[in-house]
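Asker: Single-letter residue listing:
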Amino acid sequence: MATLTSGRKTALRRELEAIVGPGGVLSDPDELLVYESDGLTLFRALADFVVFPTSAEHVAAVVRLAGREGLPFVARGAGTGLSGGCLPAEGGLVISMMRMNRILEIDYENQLAVVEPGLVNLHLSWAVVPKGYYYAPDPSSQQACTLGGNIANNSGGPHTLKYGVTTNHVLGLEVVMPDGEIVWLGGRTRATPGYDLAGVFVGSEGTFGIATKIVVRILKKPQAVKTVLAVFDQVDHASAAVSAIIARGLVPAAVEMMDQLTIQAVEDAFGCGYPRDAAAALLVELDGLRVGMDAQTERIVQACRDAGAREVRTARDEAERALLWKGRKSAFGAFGRVSPAYMVMDGVIPRTKLPYVLRRVNEIVAAHGLRVGNVFHAGDGNLHPNILYDPRVPGAEARVVEAGAEIMKVCAEVGGSISGEHGIGLEKADFMPFIFSAADLAVMQRLKNAFNPTGLCNPGKVFPTKKSCVEVGPVAYTPHAIEAKGLAQRF
Amino acid sequence: MQDALLERLRAVIGPANVLTGVELSPYVVDGRTPEAAVFPGALEEVAAVIALCGQAEVPVVPWGGGTAASVGMPAARAGVVLGLRRLARLVEHEPGDLTVTVESGVTIAELQAALGNRGQWLSLDPADAERATLGGVLAANAAGPRRHLYGTARDLLIGVTVVTADAAVVKGGGKVVKNVAGYDLPKLFIGSYGTLGVIVEATLKLRPVPEAERLVALRFARLKDAAAAVRALLASDLIPNAVELLDPTAAAALGAGEAGGALGLAAGAVLVVGFDGLPEQVEWQCAELARLAAPHGGRDATPLSSAAWPRLAAAVRDAFPVATAVMSFDVVPAQVAELMEQGAGVARARGFQTAWAAHAGVGVVSAALVSDREPREPGPVCGVLSEWREMARAGGGHATLERAPLAVKSQVPVWDDPGAAGRVMQRIKAQLDPKRILNPGRFVAGI
Ligand SMILES: Cc1cc2nc3c(=O)[nH]c(=O)nc-3n(C[C@H](O)[C@H](O)[C@H](O)COP(=O)(O)OP(=O)(O)OC[C@H]3O[C@@H](n4cnc5c(N)ncnc54)[C@H](O)[C@@H]3O)c2cc1C
Numbered sequence: 000m001a002t003l004t005s006g007r008k009t010a011l012r013r014e015l016e017a018i019v020g021p022g023g024v025l026s027d028p029d030e031l032l033v034y035e036s037d038g039l040t041l042f043r044a045l046a047d048f049v050v051f052p053t054s055a056e057h058v059a060a061v062v063r064l065a066g067r068e069g070l071p072f073v074a075r076g077a078g079t080g081l082s083g084g085c086l087p088a089e090g091g092l093v094i095s096m097m098r099m100n101r102i103l104e105i106d107y108e109n110q111l112a113v114v115e116p117g118l119v120n121l122h123l124s125w126a127v128v129p130k131g132y133y134y135a136p137d138p139s140s141q142q143a144c145t146l147g148g149n150i151a152n153n154s155g156g157p158h159t160l161k162y163g164v165t166t167n168h169v170l171g172l173e174v175v176m177p178d179g180e181i182v183w184l185g186g187r188t189r190a191t192p193g194y195d196l197a198g199v200f201v202g203s204e205g206t207f208g209i210a211t212k213i214v215v216r217i218l219k220k221p222q223a224v225k226t227v228l229a230v231f232d233q234v235d236h237a238s239a240a241v242s243a244i245i246a247r248g249l250v251p252a253a254v255e256m257m258d259q260l261t262i263q264a265v266e267d268a269f270g271c272g273y274p275r276d277a278a279a280a281l282l283v284e285l286d287g288l289r290v291g292m293d294a295q296t297e298r299i300v301q302a303c304r305d306a307g308a309r310e311v312r313t314a315r316d317e318a319e320r321a322l323l324w325k326g327r328k329s330a331f332g333a334f335g336r337v338s339p340a341y342m343v344m345d346g347v348i349p350r351t352k353l354p355y356v357l358r359r360v361n362e363i364v365a366a367h368g369l370r371v372g373n374v375f376h377a378g379d380g381n382l383h384p385n386i387l388y389d390p391r392v393p394g395a396e397a398r399v400v401e402a403g404a405e406i407m408k409v410c411a412e413v414g415g416s417i418s419g420e421h422g423i424g425l426e427k428a429d430f431m432p433f434i435f436s437a438a439d440l441a442v443m444q445r446l447k448n449a450f451n452p453t454g455l456c457n458p459g460k461v462f463p464t465k466k467s468c469v470e471v472g473p474v475a476y477t478p479h480a481i482e483a484k485g486l487a488q489r490f
Numbered sequence: 000m001q002d003a004l005l006e007r008l009r010a011v012i013g014p015a016n017v018l019t020g021v022e023l024s025p026y027v028v029d030g031r032t033p034e035a036a037v038f039p040g041a042l043e044e045v046a047a048v049i050a051l052c053g054q055a056e057v058p059v060v061p062w063g064g065g066t067a068a069s070v071g072m073p074a075a076r077a078g079v080v081l082g083l084r085r086l087a088r089l090v091e092h093e094p095g096d097l098t099v100t101v102e103s104g105v106t107i108a109e110l111q112a113a114l115g116n117r118g119q120w121l122s123l124d125p126a127d128a129e130r131a132t133l134g135g136v137l138a139a140n141a142a143g144p145r146r147h148l149y150g151t152a153r154d155l156l157i158g159v160t161v162v163t164a165d166a167a168v169v170k171g172g173g174k175v176v177k178n179v180a181g182y183d184l185p186k187l188f189i190g191s192y193g194t195l196g197v198i199v200e201a202t203l204k205l206r207p208v209p210e211a212e213r214l215v216a217l218r219f220a221r222l223k224d225a226a227a228a229v230r231a232l233l234a235s236d237l238i239p240n241a242v243e244l245l246d247p248t249a250a251a252a253l254g255a256g257e258a259g260g261a262l263g264l265a266a267g268a269v270l271v272v273g274f275d276g277l278p279e280q281v282e283w284q285c286a287e288l289a290r291l292a293a294p295h296g297g298r299d300a301t302p303l304s305s306a307a308w309p310r311l312a313a314a315v316r317d318a319f320p321v322a323t324a325v326m327s328f329d330v331v332p333a334q335v336a337e338l339m340e341q342g343a344g345v346a347r348a349r350g351f352q353t354a355w356a357a358h359a360g361v362g363v364v365s366a367a368l369v370s371d372r373e374p375r376e377p378g379p380v381c382g383v384l385s386e387w388r389e390m391a392r393a394g395g396g397h398a399t400l401e402r403a404p405l406a407v408k409s410q411v412p413v414w415d416d417p418g419a420a421g422r423v424m425q426r427i428k429a430q431l432d433p434k435r436i437l438n439p440g441r442f443v444a445g446i
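Top to bottom, those sequences are chains S and R.
Under numbering that gives the first Met the number 0, residue 490 is the last one in the first sequence; the count climbs by one each step, no gaps.
Under numbering that gives the first Met the number 0, residue 446 is the last one in the second sequence; the count climbs by one each step, no gaps.
Be careful, since some hints might not be right.
Below are the BS3-like pairs computed for lysine-lysine, each with C-alpha atoms no more than 30 angstroms apart in a straight line [stated by the list, open to error]: (1) Lys225(S) with Lys161(S); (2) Lys223(R) with Lys130(S); (3) Lys325(S) with Lys220(S); (4) Lys161(S) with Lys219(S); (5) Lys130(S) with Lys325(S); (6) Lys434(R) with Lys219(S); (7) Lys223(R) with Lys220(S); (8) Lys130(S) with Lys161(S); (9) Lys408(S) with Lys161(S).
Because the hints were derived from the structure by calculation, they are not lab data.
Being a predicted model, the structure only gives us computed values, none of them experimental.
Work out the full structure: start from the sequences and follow the hints.
Answerer: Encoded structure:
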């Protein structure tokens, strides 16, 4: 990437300001630093400009300018991504969507909302909750992450087991294409003529263009919720319980698992009432009609007992339910107390392979002389091993990265995937061949060519590539601002 | 047809699996007879067929059960029909994973039977389950009444194997229920009508078979009363798996198979709602439904037999012995009743009979039109269809002409204009099938 001369930079800054207004452009290196990485601080890269558009027309004009200049550009939401997706990998422009954060319309009769991409995920649910509705995909970062980022990464969350991930809730998108044209993909109806381009755009990690309006479904809040904690003396039994629940014809809203290291860390830090000597705990949530809820809960309890649970507890009231979830949700803060740093992995396996894969994860991490805490979406087989390490120990970080790659290989070997929700971004671009052949990648590349023929829109992501333009290290993990404030944890 | 190509096809997949001449009559679409119909028995054979046709620049028409073969613009050249029926193996079904991997030529009914033996099902219930193949259902994005709760192929398909126009075997997605690695290729092939690749294998999410399920029909004096009941239902705590709104003609077709007989004759509209779950949940919801519908004039709540499900999926089409045209619509749910009411009015004014039904909660409407006059002159039919399309478009929706005589199709486009997105679609087609081998000319935007 050729660097811009200072004269060129000044001229471009003026042009950008003419588009988005004088307060909408950053080019001072100190200010740009804030945008040099996302939630995965392993990778850093500096942009030449950060631009803050407030309309689709702004975005289109900025994108056309970038095209004219041959400058790469990348959309950025809240920067909570965990795979380096919004990094300006090759300099150029970061287009921040944070000032386009309005809710444009809420249509209760048709159960949809039209929003701008910079809207924070949770703010949508807040807006519709008074009428008994909510937006279902609930990434743990939902207090900060944006709908635009969710769309790009097809984000999930604990409750996506029953309700599906972002793509299942998106009807349409207004997109500024990489050539600056404004196009609607999908719309307000369940289908639109031709290919499902909205479906194809979701999960394209910012490489197909920039979403400027999003039409999402909103759902009625369920009548009743029940939460069960099952405690196990053996991890394998907890894993088996997950499949047993599913095999018994039950579809819980969420099935989350925590291992012993996690439980102990949580108990040391917060005392949520999980037994410290347990090998694993499952948190199972059911929702739906009030009628039949007790009967279904009883089946969950029974399935856990049959799988060997030593204790199964059902939350009696909202306070107890909140306490059980607090244990799950404060795992992050707890890791922070037992280790100076950690890196979260994201992989998916068939549910029935859980016992084997969890054993392998522990072996791999131990072989690298490290410790791991597992806390994850067990119901859909989405693993999040958190590898604990001390960044001051020379070579520790490299060992974490190696262990992570080996874990991804295991996921691939058992027929799983190298990402369940965090995306490929820069982090896993070189792991793509673990699960995709050259022919598979070639079709993806051609699809990308149809949207993004010049490649200027978010280059260097998703496809295997050399990471030459990006500085790696020295500190892989630093808490994201929302984590530091205790607003969210990363799994 | 070049004899050389035929010879090569026979050599690759065996002469018994290559049909020609009079054997081709089941594969005639829009009056055009294909040059041959070939039935490969393995993935590699599918690839070989596509490679051979590609070299000879003969179009390939992927063919499942043929139930949606007539949907689309008439092909300029009929080409070679590529039948997938021999690829119907159940590759992998692990109940604990709630997923299945299966070859695309399996019919929906065969697949459901295999899954049902193990207490699971694919929550996709398009019409013609006995004939429709999984590959065809995915390619046509077909769905039935239960889409209200369970969505469509896009909510169920997690992995797909296709043979592309350059005869490459390509996988998208995977075998796990949650997966964001790489672009979402399954979405690309759903509803692509065989224009981007031939689907040969699919991995899908499954659900446990519910313990209880029931369909209930309610009568209303007027369509708009039924629509008000739908609104009340959707805003309630109930979790129906189907919400179907039928006009009296469609309701009669549905009711004809029921023990009690004629369902809708005396009514202005019939609302059919499905519930599943534990027996007590179904029971409670049926009672609640009757209570919710009463203030809107809903009466005579009648449980239907389970055999009503497939009839429900085809109620509009089966309303007439032979419909002249069938059109389907995607609109916002709030627009459903108005479209049904006004659409029927427009047709009636021109002397046509119609039947209407809707998956009302998701805004998917279909209508059949029959002309009792001898329609030598397609003008009036085209006029009605065009007006229907305009009504849908005025509310932000769109229409697809699912079935019509060639004379009508040549005046009323099958597909609605996808707008600026059409150019992106053309670019995708050009990237994946530059020689335009796969189903050329059949889909939107000239694709
Ligand atoms: C504490 C923590 C917890 C997390 N928990 C979860 C979780 O439970 N589930 C989960 O799935 N993820 C989780 N994540 C990851 C992250 O929050 C999600 O990937 C989120 O969707 C990113 O949103 P963002 O607004 O921060 O996007 P960014 O990080 O700013 O960008 C992410 C990607 O989106 C693209 N993008 C942004 N806006 C647009 C737009 N308008 N149009 C096109 N592309 C755009 C960017 O180019 C980039 O490729 C977590 C992260 C953290 C830090």
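Asker: Now tell me, hint by hint, if it's right for this structure.
Answerer: Against the structure, the hints:
no.	hint	in the structure
1	Lys225(S) with Lys161(S)	14 angstroms, holds
2	Lys223(R) with Lys130(S)	24 angstroms, holds
3	Lys325(S) with Lys220(S)	21 angstroms, holds
4	Lys161(S) with Lys219(S)	14 angstroms, holds
5	Lys130(S) with Lys325(S)	26 angstroms, holds
6	Lys434(R) with Lys219(S)	48 angstroms, violated
7	Lys223(R) with Lys220(S)	27 angstroms, holds
8	Lys130(S) with Lys161(S)	22 angstroms, holds
9	Lys408(S) with Lys161(S)	27 angstroms, holds
This entry does not satisfy hint 6, going by the numbered hints stated previously; all others are met.
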